[in-house]
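Please build the complete structure, drawing on both the sequences and the hints.
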Amino acid sequence: MHILVVDDEPDVQSLFEQRFRREIRSGELRFIFTFSGEEALTRLEDQHSEIVLILSDINMPGMSGLELLESIRESHPMAPPLVMMITAYGDEDTHAKALSLGANDFLTKPLDFSELKQKLKDTL
Amino acid sequence: MSVASFLIVFFFINYVRKTLDTANKNVWLDQQLVYLRHFSIALLVGQMILRDSVLIRMAWPLVLFGMVLAVFKLDFFRPVRSVSISLIPFTAVSFLSTFIQLINQDFYEQFDDYLNAARFFAFVWVFALWLNNRKQEKALENERLRREQQEQLSKVTEAQKNELEVLVAERTAELRLQKEELEKALDHLKATQNQLIHAEKMASLGELTAGIAHEIQNPLNFVNNFSEVSVELVEELREESQKETLDTELVSELLSDIEQNLQKIQHHGKRADSIVKGMLQHSRTSSGQKEAIDLNALADEYLRLAYHGLRAKDKTFNAKLVTDFDASLGKINVLPQDLGRVLLNMFTNAFYAVSERKRQQPQGYEPTVSIRTQRVQKQIEIRIRDNGTGMPEHVKQKIFQPFFTTKPSGQGTGLGLSLSYDIITKAHGGTLEVISEPDAFTEFIIRLPA
Numbered sequence: 001m002h003i004l005v006v007d008d009e010p011d012v013q014s015l016f017e018q019r020f021r022r023e024i025r026s027g028e029l030r031f032i033f034t035f036s037g038e039e040a041l042t043r044l045e046d047q048h049s050e051i052v053l054i055l056s057d058i059n060m061p062g063m064s065g066l067e068l069l070e071s072i073r074e075s076h077p078m079a080p081p082l083v084m085m086i087t088a089y090g091d092e093d094t095h096a097k098a099l100s101l102g103a104n105d106f107l108t109k110p111l112d113f114s115e116l117k118q119k120l121k122d123t124l
Numbered sequence: 125m126s127v128a129s130f131l132i133v134f135f136f137i138n139y140v141r142k143t144l145d146t147a148n149k150n151v152w153l154d155q156q157l158v159y160l161r162h163f164s165i166a167l168l169v170g171q172m173i174l175r176d177s178v179l180i181r182m183a184w185p186l187v188l189f190g191m192v193l194a195v196f197k198l199d200f201f202r203p204v205r206s207v208s209i210s211l212i213p214f215t216a217v218s219f220l221s222t223f224i225q226l227i228n229q230d231f232y233e234q235f236d237d238y239l240n241a242a243r244f245f246a247f248v249w250v251f252a253l254w255l256n257n258r259k260q261e262k263a264l265e266n267e268r269l270r271r272e273q274q275e276q277l278s279k280v281t282e283a284q285k286n287e288l289e290v291l292v293a294e295r296t297a298e299l300r301l302q303k304e305e306l307e308k309a310l311d312h313l314k315a316t317q318n319q320l321i322h323a324e325k326m327a328s329l330g331e332l333t334a335g336i337a338h339e340i341q342n343p344l345n346f347v348n349n350f351s352e353v354s355v356e357l358v359e360e361l362r363e364e365s366q367k368e369t370l371d372t373e374l375v376s377e378l379l380s381d382i383e384q385n386l387q388k389i390q391h392h393g394k395r396a397d398s399i400v401k402g403m404l405q406h407s408r409t410s411s412g413q414k415e416a417i418d419l420n421a422l423a424d425e426y427l428r429l430a431y432h433g434l435r436a437k438d439k440t441f442n443a444k445l446v447t448d449f450d451a452s453l454g455k456i457n458v459l460p461q462d463l464g465r466v467l468l469n470m471f472t473n474a475f476y477a478v479s480e481r482k483r484q485q486p487q488g489y490e491p492t493v494s495i496r497t498q499r500v501q502k503q504i505e506i507r508i509r510d511n512g513t514g515m516p517e518h519v520k521q522k523i524f525q526p527f528f529t530t531k532p533s534g535q536g537t538g539l540g541l542s543l544s545y546d547i548i549t550k551a552h553g554g555t556l557e558v559i560s561e562p563d564a565f566t567e568f569i570i571r572l573p574a
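Residue numbers (the numbering used here), protein chains in the order written: chain A, 1 to 124; chain B, 125 to 574.
Read the hints as simulated data drawn from the structure, not as lab findings.
Predicted, not measured: the structure shown is a model, and the values here were computed from it.
Be aware that a few hints might be false.
[To be verified] BS3-like cross-link-like pairs, simulated, lysine-lysine; straight-line CA separation at most 25 angstroms:
id: 1; chain 1: B; residue 1: Lys-437; chain 2: A; residue 2: Lys-97
id: 2; chain 1: A; residue 1: Lys-97; chain 2: B; residue 2: Lys-444
id: 3; chain 1: B; residue 1: Lys-142; chain 2: B; residue 2: Lys-197
id: 4; chain 1: B; residue 1: Lys-314; chain 2: B; residue 2: Lys-522
id: 5; chain 1: B; residue 1: Lys-550; chain 2: B; residue 2: Lys-455
id: 6; chain 1: A; residue 1: Lys-109; chain 2: B; residue 2: Lys-414
id: 7; chain 1: B; residue 1: Lys-502; chain 2: B; residue 2: Lys-414
id: 8; chain 1: B; residue 1: Lys-550; chain 2: B; residue 2: Lys-414
id: 9; chain 1: B; residue 1: Lys-522; chain 2: A; residue 2: Lys-97
id: 10; chain 1: A; residue 1: Lys-97; chain 2: B; residue 2: Lys-439
id: 11; chain 1: B; residue 1: Lys-437; chain 2: A; residue 2: Lys-109
id: 12; chain 1: B; residue 1: Lys-437; chain 2: B; residue 2: Lys-531
id: 13; chain 1: A; residue 1: Lys-97; chain 2: A; residue 2: Lys-119
id: 14; chain 1: B; residue 1: Lys-502; chain 2: B; residue 2: Lys-439
id: 15; chain 1: B; residue 1: Lys-142; chain 2: B; residue 2: Lys-259
id: 16; chain 1: B; residue 1: Lys-401; chain 2: A; residue 2: Lys-109
id: 17; chain 1: A; residue 1: Lys-109; chain 2: B; residue 2: Lys-522
id: 18; chain 1: B; residue 1: Lys-455; chain 2: B; residue 2: Lys-531
id: 19; chain 1: B; residue 1: Lys-482; chain 2: B; residue 2: Lys-502
id: 20; chain 1: B; residue 1: Lys-437; chain 2: B; residue 2: Lys-401
id: 21; chain 1: B; residue 1: Lys-439; chain 2: A; residue 2: Lys-109
id: 22; chain 1: B; residue 1: Lys-314; chain 2: B; residue 2: Lys-303
[Stated by the list, open to error] Label pairs and their computed distance ranges (CB to CB):
id: 23; chain 1: A; residue 1: Asp-105; chain 2: B; residue 2: Lys-520; range: 47 to 53 angstroms
id: 24; chain 1: B; residue 1: Gly-393; chain 2: A; residue 2: Asp-105; range: 27 to 33 angstroms
id: 25; chain 1: A; residue 1: Asp-91; chain 2: B; residue 2: Asn-318; range: 56 to 62 angstroms
Note that CB positions come from ideal geometry on N, CA and C, so glycine has one too.
Next comes the structure, spelled out in structure tokens:
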């Protein structure tokens, strides 16, 4: 039950670790943190079977979250992990584009962690 | 003898009337002179009829004497006095001979020849002097005419001079007007230039706003998230402290997390703060005071602002950012606002170039913008490189000229690079160079004295 988090802001890691401290401690959820789309792809290659959900930021330097989503959907068409996109720009275009590229959900920053927890509980 | 007297009286009266212009200047005297002339004619005629009347013979010297006396007595006759002098001998001789004739006819007849000779010479003398006088008067008249001509000439010259002066004054006024108009135009141009510079600054600020919003939103999210989670952590800590057996490991973990969170809140708060300050600084006019600043931090900040600014406008845009900062740079003395504008301009151009190339070549192209700082000998070198569209030679030669732009009209003021060039070379005493290859790369190299 690994969740891959992709965000170029390193502080996202400690934020998640603290927000989900109970779940992490109980072994309910496990997180893998990567800081770019490229890094996320490599981790996906290595630990593909363990990852069940990807939480990715859209706005990142280099490979963007949407490009990451596109390449995931292209390279793993058979066993797609769940992908949730996070973005600071909660506009309709980006939302539609993310969904058309095969995103399972769309969240806007600042993240509402209780909502996220609920969604994780529902989907997993 | 009477004929000679008559001639003298007649011509002298004419001479006096003409010379003194009595007809106009003294009508009464003129009248008297005319009467005298009539009288002399009557006298001559009378003498011819009456033949040697003693009375008439006596009359001539008296008339002559009276004339000479009047001329010497009255100031009005002063101009003709010199000529009258010539009459004195003739008058005297006439008087003498008439007088002798009256007293002693014999004696008179005895010396008749001498007296006649004397009268003749006196008469000739009158005419000689008269002629001489006329000659002199003619010379004077000529001199007067010459003077008059000269005067006329100088009057003409004077008039011409005045005319010229008027012309010069007109021209001067015209020139002054033109000068004032030119000065006004120059003032307008200066004002327009300032407005343009201001507009350019505001335009670049406009490009920044979206980036700034994003860059502030991010740290604010962290501040909110970390403070929320800290409240949770404190709650958990309180629950733990009420338990009978204290899990010391958990307590210390919670405490260190809270501490870490507070540090992060502070860090992100400061980040937002510096962005707002940077934005204010950017819109403010330069203080003209150099400050020691961390060049790497300034460059990094503006790189992010430019990137997010462009991304906010074009959400499909993306680029790889490569930073290679020389940590040993230390603080550099620069004009932060001005240098910030230069960097922003370079980054904006770089992102524009890569996004254009991405549009032309959507597949297999990775837009990359990089910045490198390093100390080279006694200079600080900043290299801003993009792998965008690049520039042909003829464009490269013009990019630092004011109002030159390759962007579609309305998208660029064409002042960015020209202002950047001035800021680097004039305000900082540095150099700004560019190397480029079409469809390959563009690299701006800023060198500042350290």
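Verification of the hints:
no.: 1; hint: B/Lys-437 x A/Lys-97; verdict: 16 angstroms, holds
no.: 2; hint: A/Lys-97 x B/Lys-444; verdict: 21 angstroms, holds
no.: 3; hint: B/Lys-142 x B/Lys-197; verdict: 20 angstroms, holds
no.: 4; hint: B/Lys-314 x B/Lys-522; verdict: 23 angstroms, holds
no.: 5; hint: B/Lys-550 x B/Lys-455; verdict: 21 angstroms, holds
no.: 6; hint: A/Lys-109 x B/Lys-414; verdict: 39 angstroms, violated
no.: 7; hint: B/Lys-502 x B/Lys-414; verdict: 18 angstroms, holds
no.: 8; hint: B/Lys-550 x B/Lys-414; verdict: 13 angstroms, holds
no.: 9; hint: B/Lys-522 x A/Lys-97; verdict: 41 angstroms, violated
no.: 10; hint: A/Lys-97 x B/Lys-439; verdict: 11 angstroms, holds
no.: 11; hint: B/Lys-437 x A/Lys-109; verdict: 18 angstroms, holds
no.: 12; hint: B/Lys-437 x B/Lys-531; verdict: 16 angstroms, holds
no.: 13; hint: A/Lys-97 x A/Lys-119; verdict: 21 angstroms, holds
no.: 14; hint: B/Lys-502 x B/Lys-439; verdict: 42 angstroms, violated
no.: 15; hint: B/Lys-142 x B/Lys-259; verdict: 16 angstroms, holds
no.: 16; hint: B/Lys-401 x A/Lys-109; verdict: 24 angstroms, holds
no.: 17; hint: A/Lys-109 x B/Lys-522; verdict: 44 angstroms, violated
no.: 18; hint: B/Lys-455 x B/Lys-531; verdict: 36 angstroms, violated
no.: 19; hint: B/Lys-482 x B/Lys-502; verdict: 38 angstroms, violated
no.: 20; hint: B/Lys-437 x B/Lys-401; verdict: 23 angstroms, holds
no.: 21; hint: B/Lys-439 x A/Lys-109; verdict: 16 angstroms, holds
no.: 22; hint: B/Lys-314 x B/Lys-303; verdict: 16 angstroms, holds
no.: 23; hint: A/Asp-105 x B/Lys-520: 47 to 53 angstroms; verdict: 49 angstroms, holds
no.: 24; hint: B/Gly-393 x A/Asp-105: 27 to 33 angstroms; verdict: 31 angstroms, holds
no.: 25; hint: A/Asp-91 x B/Asn-318: 56 to 62 angstroms; verdict: 38 angstroms, violated
The earlier numbered hints that this structure contradicts are 6, 9, 14, 17, 18, 19, 25.
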